[in-house]
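Asks: Using the hints provided, position chain B relative to the given structure of chain A.
In case you want the letters, here they are:
Number of protein chains: 2
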Amino acid sequence: MSLAANNLGFQEQFELIISDEDEMNIHEFLNNLNISDVATLVEDNEDHATKIIASLSVHRAASTFKILELNVQKQIIHELQPLKTAALLNELPADDRTSFLEELPTEAVRELIKLLNHEERKITLSLLGYDEGSVGRLMTPDYIAVQSDWTIAEVLEHIREVGKDSETIDVIYVINDNGQLVDDVRIREFLLSPPERLVSELTDGRYIELNVNDDQEMANQVFKMNNRVALPVVDNNNILVGIVTIDDVLWVANEEFSEDMQKMGGTEALEEPYLEISILKLFKKRVGWLIVLFMGEMLTATAMASYEMALDKALVLSLFIPLIISSGGNTGSQASSLIIQALTVGEVTLEDWWNVMRREIVSGILLGTVLGIIGFSRVVIWAQIFPDVYGAHYVLIASVVGISLIGVVMFGTITGSMLPILLKKLGADPAVSSAPFVATLVDVTGVIIYFNCAYLFLKGTML
Amino acid sequence: MSLAANNLGFQEQFELIISDEDEMNIHEFLNNLNISDVATLVEDNEDHATKIIASLSVHRAASTFKILELNVQKQIIHELQPLKTAALLNELPADDRTSFLEELPTEAVRELIKLLNHEERKITLSLLGYDEGSVGRLMTPDYIAVQSDWTIAEVLEHIREVGKDSETIDVIYVINDNGQLVDDVRIREFLLSPPERLVSELTDGRYIELNVNDDQEMANQVFKMNNRVALPVVDNNNILVGIVTIDDVLWVANEEFSEDMQKMGGTEALEEPYLEISILKLFKKRVGWLIVLFMGEMLTATAMASYEMALDKALVLSLFIPLIISSGGNTGSQASSLIIQALTVGEVTLEDWWNVMRREIVSGILLGTVLGIIGFSRVVIWAQIFPDVYGAHYVLIASVVGISLIGVVMFGTITGSMLPILLKKLGADPAVSSAPFVATLVDVTGVIIYFNCAYLFLKGTML
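Protein sequences appear in the order of chains A and B.
Residues 1 to 463 in my numbering are what the first sequence lists, from first letter to last.
Residues 1001 to 1463 in my numbering are what the second sequence lists, from first letter to last.
Pulled out of the complex, with its shape left as it was, chain A reads as follows (with noise of 0.2 Å):
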């Protein structure tokens, strides 16, 4: 049952049936598939989206529209008879339900909460209710509590009764009587005892909560140190509110760091996938930060303007702008990258940031030192070679392109490096001091030091 194999073998059955219109078919042949394939099957046959979700249970239907991509959601939900609609929210799990809503336009979402029942209403306008990107949003009111004076046979009794509403069974939370979080206990461990005995004896108060107001990166880095599938979500008096499982975290991670991606490459995050998403929204994506970057860059048509007298003078010092002013980009694109992913996971924070300096002077001094060398041996050689195309000074102007690499370097990885740690400080986001906005910066820096090296070394020969 190779997932590759089956899925050209279920887009063609479907075809054969769907044209068949025979309603029941239909079910039957979408009651056989995984959940994964039916979303599959609803994203490569968008015009039939509707039709297969209409023809599904309504709990095998949530199942599949939580997995879908946002535009056929929207599409679904638009399309859809009121009555199907209201099934279909009410059956997806709050935290689902939540992520949807959130990024639909205020209008829609108010007709959409007026389709829930009571209940429902109550749990998602809560989970509105915290800050977006918080683990309050993410994190799911269905869960078992059970107390300490029961016994391991009331709590599988209880199990039994509440468990099909559960989004997991895989961990128990215990509670006192205000409803306090007092521990969490897996299910293995209620499995490997006798049934007469009291919760009081399995627990042992060591447990691991997140509050809701916590950020969601951090959730992650909770679950990757601490190797649970779900961890409580508890309030500032300690009180247990929700969960949070550790499939919802994965959504989480992988899509922040796609955004990151984006980011660093300078682009607005796109929303929809690359190949979905329309040219003209593509283009509006990315023009924006492009003409950013291209004001910025004008200043080095400035910048050397200024010098316009010492490239009449020596017209060779034209020939090595773009390979200084790349290499300071290079590195500063470097050492903002590192630090842009270093704050991510929080192997630096903000207060290392005189750590992170110390570092990149270091870094760029060494690195500027090998970049100086190579480009020194290169102009030497070149003159020997071709003892036209440099003049008589060559080895003046040789110091002038190694010199002036160290400092360009050097001003790379500091840029590079404290960006990202001033941008997070002002409560941007680091990712956005993107490779190409560093470049720009550095350009423009790096025309000014490179002629100012150049009046240095080249006084009273050249200039």
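Hints listed in this document are in silico derivations from the structure and should not be mistaken for laboratory results.
Virtual Cβ for every residue (Gly too), placed ideally from N, Cα, C.
It is possible that some hints are incorrect.
With the Cβ distance kept under 10 Å, some of the chain A side facing chain B (calculated, not the full set) [to be verified]:
1. Val316
2. Ser333
3. Phe376
Replies: For chain B alone, kept in the frame of chain A given last:
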């Protein structure tokens, strides 16, 4: 019990207790901490790392050990007594042991494998036999398998007997007499059913499996789409050989994205946290790519030398070189980040290359036209304000700038988007086509495009 608040607390307590050197006290204190807190202690007190691990029960020692940073793990294995090392290694879950051993030199691995007992050694050697980055390296053989003709009561009894060794009992696997996978059933299904029912009544034959040779990145996608905490792993004969748990996939996802980010910035992947890696190692990881890029960028000096005559006649052309080439670099970085990200999450596959190419040609024309118009206007407006700078032929110069921008930007989007696809096609990691790499490629071509445009427009007037 907020994590942050406690952090300060237990570090201070630890310092008090460790200075006493009372073994029992240390043991008791550590026993009352969460595993993740113990891990924090170990990493914050590297001098005492081995002592802390040695003071824990072997089970807790293993749980702590597996979430430590690699360098601390190495230190502990180096310092621990051989007997304790053997106990620790034997207790580690097979998948975590494999990923630790993977990072060590072959010589050390051979020594450590000798310490394992017969059974664990067999498991580890077989796991090490799969390709790096494959699902085989990620799986654990600790799962519970049952047969279709068992009753629920028999299954629960079996779980009580062997459950202690299993990495997860949240999902139980149903196999046939040949060891082939028949179905997976969540533990909740067993708990919610009467004890006398047969396993076969719970199976529906709908399961998702991974192949041992599948890519770990693919496992991430399958987990995302299927809402499972564990997935069965089969060989090519559909025989169940292990399971992969979602928490291991979360680690892989975090690590892969970190590596991708570093590569996209033009660094080799760091294997240690930024602040802990020695400056020398950091230098080594960065300098290689920088030298390659520098060598590439030297071609700009060569290219420009061949246009020196043109520069001599129309020095004003030199002013716009940084602006032109960096615009190509920026659009190229943008395109490459977008495509790398889309390839990583599977939104774009190799077969889509022509689709991508078409979109990037259109995007390149649109983006290039916008920047071209801005560039053209910049020159014309400046010429009105400062008539001396660009001379009488300023409209021609503005046209050269505008038209070359369209060409360079289009070259940037095409190169930036096709390079990751080409690298993937060749079996390399597309993330290597980092922003700096694309920028360098485009810089050299940018110089050539620019000067050829200049010849076209200025022949007979300025050139």
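Asks: Using the nearest Cβ pair, does Val316 (chain A) come within less than 10 Å of chain B?
Replies: holds, 8 Å
Asks: At a threshold of 10 Å, is the proposed contact between Ser333 (chain A) and chain B supported by beta-carbon distances?
Replies: Since chain B brings a Cβ to about 5 Å from Ser333 (chain A), closer than 10 Å, the hint holds.
Asks: Hint validation: Phe376 (chain A) versus chain B, beta carbon distance must be below 10 Å. Holds or violated?
Replies: violated, 12 Å
Violation of the numbered hints given earlier is confined to hint 3; every other hint is satisfied by the structure.
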